[in-house]
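**Student:** Quick note, the sequences are listed as chains A and B, same order. Here the first sequence is numbered in my numbering, starting from 1 and rising by one per residue. Here the second sequence is numbered in my numbering, starting from 127 and rising by one per residue.
Each hint should be verified, as a subset may be incorrect.
Computed beta-carbon distance windows for the label pairs [claimed, not checked]:
(1) B:Ala240 / A:Leu7: 24 to 34 Å
(2) A:Ser18 / B:Ser255: 40 to 50 Å
(3) A:Ala50 / B:Val198: 17 to 27 Å
(4) B:Phe259 / A:Ile63: 52 to 62 Å
(5) B:Gly195 / A:Ser18: 22 to 32 Å
(6) B:Asn231 / A:Gly49: 17 to 27 Å
(7) B:Gly195 / A:Arg11: 24 to 34 Å
(8) A:Leu120 / B:Phe225: 38 to 48 Å
Reference excerpt, derived from the structure (chain B facing chain A, CB under 8 Å, subset only) [as the list claims (entries may be wrong)]:
(9) Leu167
(10) Val168
(11) Ala170
No wet-lab data here; the hints were simulated from the structure. C-beta atoms are modelled at their ideal positions from N, C-alpha and C, and glycine is treated no differently.
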Amino acid sequence: MSIQTPLGRVRGLGSAKSGVEHFWHQRLTAAALVPLTVWFVWIVARYAGAPHADVVTVLGHPINAALMLLFVVAGLYHMALGLQVVIEDYITTKGMKIAALFLVNFAAFAIAMICAVAVLRIAIRF
Amino acid sequence: MSEARSKRPLSPHMQIYKWPVTMGTSILHRITGVGLGIGTLVLAWWLVAASLGPDAYAVFETAAFHWFGRFVLFGFSLALVYHALNGIRHLTWDMGYGFKVETANFSGLITYGATAVVTLVVWIAAYASMGAF
Chain A
1 MSIQTPLGRV RGLGSAKSGV EHFWHQRLTA AALVPLTVWF VWIVARYAGA
51 PHADVVTVLG HPINAALMLL FVVAGLYHMA LGLQVVIEDY ITTKGMKIAA
101 LFLVNFAAFA IAMICAVAVL RIAIRF
Chain B
127 MSEARSKRPL SPHMQIYKWP VTMGTSILHR ITGVGLGIGT LVLAWWLVAA
177 SLGPDAYAVF ETAAFHWFGR FVLFGFSLAL VYHALNGIRH LTWDMGYGFK
227 VETANFSGLI TYGATAVVTL VVWIAAYASM GAF
C-alpha cells in the first residue's frame, strides 16, 4: 500500500520532478567513462613529452578524435551531474544554490564546447 | 561509577572518532570528483594548445614540465585513477553486490592499493615513453 497519489504514481517523477533521470544519467556516463578513461590515460602516458607533430597526428586520427569527443562530452556531463549533487548538499541558501548551479552548468557546456572545437580543429588541420 | 562511565561509548567527536573505511572512500570520491572538475581546465588547455600549433603547445609543455606543473598533474592522475576505480566499486554496488560491511571495507582498501599501483605504473610508463630509462 503506497501513500503516493494515483496521479503521482502515473507520473512517477517523485519530489525532484525528474524521476530517476539524474541518477540514471550519472550511471550511464560513469559506465561509458570507464573504458574511455583507460584509453585517455594510455594516450596521455604514451604521448607525454612527445613532439607536437606526433601528438596532433595521433589526436587527429578519426577514431582517436571521436574517442576524445566522447570522453570530453561524457566527462563534462558527468561532472555537471556530480557537482549539482555537491551543490544541493552543501549550499542551503536558495539564491546561492541557483547561482552555483547556473555557474556549474555554464562552465560544463563552455569547457565541453572549447574542448570539442579544439579536437575538431586538430582533426581537420593535422 | 567514574570507571563505568569511562567505558561507555562517546558520541562522535573529531579527536576520538575512528573513521570507518567506507566513510573515507566516500568523501574521497567526492573530493576527487570536484578536483577532476577543476582538472578539466587543464584538459581544455592541453587540447586548445595542441590545436593552435607548436608555439602554443610549447607554452603548455613548459608549464606541464615545471615542478609545480608535474605536482598538479600527479594530483590529477591520482584523482582520476581513484575516482575511476572507486566508481567501478560504486557501479557494482548499484548492481546490488558487495554491501556486507567486511566486503565494503575490503574493497575500499583494495581500491586504495590499486590506486597507488596504477598511478605509479602510469607515471613510470609516461617517463619510459619519454626515454627516461
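**Student:** Of all the hints given earlier, name the ones this structure violates by number, lowest first.
**Tutor:** 1, 4, 5, 6, 7, 10
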